[in-house]
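Take the sequences, apply the hints, and build the full model.
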Amino acid sequence: MTKTKTNPGRFFEDYTLGQRIDHAVPRTVSGGERALYHALYPARHALYSSDEFARGCGLPGAPLDDLAAFHVIFGKTVPDISLNALANLGYAEGRWLRPVWAGDTLRSVSEVIGLKQNSSGKSGVVWVRTKGFNQHSEIVLEYVRWVMVKKRDADAPAPETVAPDLAAALSADQLVIPKGLDFTDYDFTLAGEPHRWGDYAVGEVIDHVDGVTIEEAEHMLATRLWQNTAKVHFDRDAREGGRLIYGGHVISMARALSFNGLANAQIIAGLNGGAHANPCHAGDTVRAWSEVLDRAETSAPGVGALRLRLVATKGGAAGALKGEDGKYLPDVLLDLDYWALVPM
Amino acid sequence: MTKTKTNPGRFFEDYTLGQRIDHAVPRTVSGGERALYHALYPARHALYSSDEFARGCGLPGAPLDDLAAFHVIFGKTVPDISLNALANLGYAEGRWLRPVWAGDTLRSVSEVIGLKQNSSGKSGVVWVRTKGFNQHSEIVLEYVRWVMVKKRDADAPAPETVAPDLAAALSADQLVIPKGLDFTDYDFTLAGEPHRWGDYAVGEVIDHVDGVTIEEAEHMLATRLWQNTAKVHFDRDAREGGRLIYGGHVISMARALSFNGLANAQIIAGLNGGAHANPCHAGDTVRAWSEVLDRAETSAPGVGALRLRLVATKGGAAGALKGEDGKYLPDVLLDLDYWALVPM
Amino acid sequence: MTKTKTNPGRFFEDYTLGQRIDHAVPRTVSGGERALYHALYPARHALYSSDEFARGCGLPGAPLDDLAAFHVIFGKTVPDISLNALANLGYAEGRWLRPVWAGDTLRSVSEVIGLKQNSSGKSGVVWVRTKGFNQHSEIVLEYVRWVMVKKRDADAPAPETVAPDLAAALSADQLVIPKGLDFTDYDFTLAGEPHRWGDYAVGEVIDHVDGVTIEEAEHMLATRLWQNTAKVHFDRDAREGGRLIYGGHVISMARALSFNGLANAQIIAGLNGGAHANPCHAGDTVRAWSEVLDRAETSAPGVGALRLRLVATKGGAAGALKGEDGKYLPDVLLDLDYWALVPM
Numbered sequence: 001m002t003k004t005k006t007n008p009g010r011f012f013e014d015y016t017l018g019q020r021i022d023h024a025v026p027r028t029v030s031g032g033e034r035a036l037y038h039a040l041y042p043a044r045h046a047l048y049s050s051d052e053f054a055r056g057c058g059l060p061g062a063p064l065d066d067l068a069a070f071h072v073i074f075g076k077t078v079p080d081i082s083l084n085a086l087a088n089l090g091y092a093e094g095r096w097l098r099p100v101w102a103g104d105t106l107r108s109v110s111e112v113i114g115l116k117q118n119s120s121g122k123s124g125v126v127w128v129r130t131k132g133f134n135q136h137s138e139i140v141l142e143y144v145r146w147v148m149v150k151k152r153d154a155d156a157p158a159p160e161t162v163a164p165d166l167a168a169a170l171s172a173d174q175l176v177i178p179k180g181l182d183f184t185d186y187d188f189t190l191a192g193e194p195h196r197w198g199d200y201a202v203g204e205v206i207d208h209v210d211g212v213t214i215e216e217a218e219h220m221l222a223t224r225l226w227q228n229t230a231k232v233h234f235d236r237d238a239r240e241g242g243r244l245i246y247g248g249h250v251i252s253m254a255r256a257l258s259f260n261g262l263a264n265a266q267i268i269a270g271l272n273g274g275a276h277a278n279p280c281h282a283g284d285t286v287r288a289w290s291e292v293l294d295r296a297e298t299s300a301p302g303v304g305a306l307r308l309r310l311v312a313t314k315g316g317a318a319g320a321l322k323g324e325d326g327k328y329l330p331d332v333l334l335d336l337d338y339w340a341l342v343p344m
Numbered sequence: 001m002t003k004t005k006t007n008p009g010r011f012f013e014d015y016t017l018g019q020r021i022d023h024a025v026p027r028t029v030s031g032g033e034r035a036l037y038h039a040l041y042p043a044r045h046a047l048y049s050s051d052e053f054a055r056g057c058g059l060p061g062a063p064l065d066d067l068a069a070f071h072v073i074f075g076k077t078v079p080d081i082s083l084n085a086l087a088n089l090g091y092a093e094g095r096w097l098r099p100v101w102a103g104d105t106l107r108s109v110s111e112v113i114g115l116k117q118n119s120s121g122k123s124g125v126v127w128v129r130t131k132g133f134n135q136h137s138e139i140v141l142e143y144v145r146w147v148m149v150k151k152r153d154a155d156a157p158a159p160e161t162v163a164p165d166l167a168a169a170l171s172a173d174q175l176v177i178p179k180g181l182d183f184t185d186y187d188f189t190l191a192g193e194p195h196r197w198g199d200y201a202v203g204e205v206i207d208h209v210d211g212v213t214i215e216e217a218e219h220m221l222a223t224r225l226w227q228n229t230a231k232v233h234f235d236r237d238a239r240e241g242g243r244l245i246y247g248g249h250v251i252s253m254a255r256a257l258s259f260n261g262l263a264n265a266q267i268i269a270g271l272n273g274g275a276h277a278n279p280c281h282a283g284d285t286v287r288a289w290s291e292v293l294d295r296a297e298t299s300a301p302g303v304g305a306l307r308l309r310l311v312a313t314k315g316g317a318a319g320a321l322k323g324e325d326g327k328y329l330p331d332v333l334l335d336l337d338y339w340a341l342v343p344m
Numbered sequence: 001m002t003k004t005k006t007n008p009g010r011f012f013e014d015y016t017l018g019q020r021i022d023h024a025v026p027r028t029v030s031g032g033e034r035a036l037y038h039a040l041y042p043a044r045h046a047l048y049s050s051d052e053f054a055r056g057c058g059l060p061g062a063p064l065d066d067l068a069a070f071h072v073i074f075g076k077t078v079p080d081i082s083l084n085a086l087a088n089l090g091y092a093e094g095r096w097l098r099p100v101w102a103g104d105t106l107r108s109v110s111e112v113i114g115l116k117q118n119s120s121g122k123s124g125v126v127w128v129r130t131k132g133f134n135q136h137s138e139i140v141l142e143y144v145r146w147v148m149v150k151k152r153d154a155d156a157p158a159p160e161t162v163a164p165d166l167a168a169a170l171s172a173d174q175l176v177i178p179k180g181l182d183f184t185d186y187d188f189t190l191a192g193e194p195h196r197w198g199d200y201a202v203g204e205v206i207d208h209v210d211g212v213t214i215e216e217a218e219h220m221l222a223t224r225l226w227q228n229t230a231k232v233h234f235d236r237d238a239r240e241g242g243r244l245i246y247g248g249h250v251i252s253m254a255r256a257l258s259f260n261g262l263a264n265a266q267i268i269a270g271l272n273g274g275a276h277a278n279p280c281h282a283g284d285t286v287r288a289w290s291e292v293l294d295r296a297e298t299s300a301p302g303v304g305a306l307r308l309r310l311v312a313t314k315g316g317a318a319g320a321l322k323g324e325d326g327k328y329l330p331d332v333l334l335d336l337d338y339w340a341l342v343p344m
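Chains as they are written, first to last, in our numbering: chain A, 1 to 344; chain B, 1 to 344; chain C, 1 to 344.
These aren't lab readings, by the way, just hints derived from the structure by calculation.
The structure displayed is predicted, hence computed values, not measured ones.
Possibly wrong hints are sitting among the right ones.
If chains are identical, the list can't say which one is meant, so a pair holds when it fits in one copy or spans any two.
Stated by the list, open to error - Below, a list of computed lysine-lysine pairs in the DSS-like style, where the Cα atoms sit at most 27 angstroms apart:
id, residue 1, residue 2
1, 231, 314
2, 150, 179
3, 322, 5
4, 179, 122
5, 314, 5
6, 231, 131
7, 314, 151
8, 179, 327
9, 5, 179
10, 179, 151
11, 151, 131
12, 151, 322
13, 322, 179
14, 131, 150
15, 314, 122
So this is what it looks like as structure tokens:
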């Protein structure tokens, strides 16, 4: 009598090149999401904490945290893209195109831009470019993500291999600066640190010092808030080793910890790449360090850009990333490459 | 020197037929409650997630989740009705009469409609009809609930037995459709599933597949949010076996899990009955299944009604409810009978 | 290659008498903070729960809970005042000067008003008077706090000792009553208890009965919400014995528990003093009792003031505070002395 009305998720052979997927469950955000974001992460970047500070930087008020916007857009794609994913392989060409404000309603659309069956014949890699839209049908965020997805039927024919040509990193002139942004009268005292764009040198490594031991209740609250309901994050028995923490929880935790040393890296404007190097579980104490990868000027008044590597760990020294074998060290959780906007 | 100013709760002999109880602590709700509801439960019904989607269905915006409204109204009754309750026995004749919007202030009033002393003489059953009002003194919700309450004094005389005549289920024409609701242009893609009212057959069982392992911190956050402060939910030592999870937490968890297969059962309009079959504790992994009990048309454009049994379990197969002895199986947590509004 | 851009915190010799510190990271609050406050604590004081109830008391709506305002103001001072603190020694002369409303942006400024090196030469006591401002540069809260802070260099010369002359308690006429407050038509039924100002006798002790067992996830959510990111509250390994719970979490928990017996002690207007008698850890079950210390009339219609001792414990009888040696009993967590505004 049981009929199958539940979503089994898509398998590798369900994707076709150029396919457009309109993801379900649009989401209106409010001050509630901002408050919860600050309860879940030690987030202190002043532009997202204070409407007054944001106004002092030329914006109409404090937007929703850039990563909260990312998580909402990303969460919508999970039922269509990664329910049967074996691994989340990477990100590229991510750009925040417009701030998200309290009252905005977000939805997500993805296009399949690459397909490659694995040599085993049992799975394949799917590349999608996802765009997040607000209620005015304006794009607020876009990024490419690729995942390894199971095949339903190992005998299904392989599609023609198309691996998209993705930029190793965005150039600074591809970044979109929020309309009106002006750091000329930036208040370094209220922001929490005196360090300007010019104080950061390429190659510099910053140990963010603090650590947060993660609890099950917290990562589940966060992950549900983004309506990412993949069972591996919630059902203790869905996966050997217990609940797997949503990679985005680690990203937000590391970014919030990076305030200590990067308090003025206010805005995330671009996501060049990212790897979830090792799984994170409750009980792990997450720490973070950053490395300055590049610097660039922008066309906006007083606004510079820093390209940063943000690394989350559950141990090990700041700066330690890979072993002699070229593989991530076992304590490394995240290696994220992004562009931030910083006062000059 | 200690005086008793604290609330000892009412005992069985404190209730009289026809008694009206104005429950304390009115509550204004905001976008904060919506955000928290989505952090606490894997809630994805689009009408409550997106103002835009709700507008597409003829409403002025997304209301507060129906069950969040229920919990707020219910929570206010706890200090007066169930502080000395030995068991929460049942619900009947529940109707959602008006949506609750951000900014509304809710309060609750109950009337005692039945009393029956138990043969032991040590306790009795109290039936109350509770109404929730908004700041315009409009009723937003009403339901009957009955509980077994201790007597303060076993020698107190028994009241005349009055057991109210309660409907086994509401008929569909007793349901109140939110003003303006129109599912004619319902967007099944954004809602997340293609299944219409006509796709559900009476007798059909839906296994909602996913599970959530419950943590102490989460059920306490939820229960406090509804200002239900009964100590058994918070004080580890108040009760043998540890903190008892508020039954409403299980209701909301099961309803949210039911999205997977019932994404279009958007609105809860009626509560026919419900039993908390077994206690739930932190560490339990809650799963859910539903059975279609009845179908009816409504007077609103494009809007059908499904009568559904929603069962929460901590194990066991979908469809398994009672043993040969007619008793609930030990893994069954909740058996809820409700009417949902569904696009036709 | 690692440069030090992170905040090492101030040491004793970094403070000078009269020094003004503008604390970083202003914060805009919304309905999200109110909802979270009610999810984190069993808070039920009607004036903060219901806009309608607050209007009935002459206010334009429900303000943010007084202690939530305190925590936001306090949290901003942590990176400058207590990052290297060995102990939080006391509070005095705290006054709430204006309600905080949803939409307000808060920031904090402290002035060093006392310095005293300890005889060991390794640390010293720093007194600061902290003021919290809203976006109109109006003071919303002020209080004195003193902490014991490590010296960076034990050989650094001692400053001249200046110990400020602090009032043992505010007199009632120093309290600031929120503009418009009028308890003439106070609704005792909706507030939850019938006890008026005149029903409380000096010396009376109230056992608040209920208890809450604290979880790691909850105190961390709370502490982060106030942007207090001191690592001892988050990093399991930062301190022997595990994560130390932020003292303010205990204050809010005890105050919320005190609803049961003090439901009409609606508004906290003054903080006379306070001691965190013993550390609190996850797993502790927090209970509370109060003692009426003083009573006073005020100039506002229907508004009286009660001076109350609020004690949080993890065990022991109501009324038990100190041992024969004059020291706090080991189960006492908090001894707080405050003024509340109560209907007459």
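To test your reading of the hints: which numbers does this structure violate? 2, 4, 7, 8, 9, 10, 12, 13 and 15
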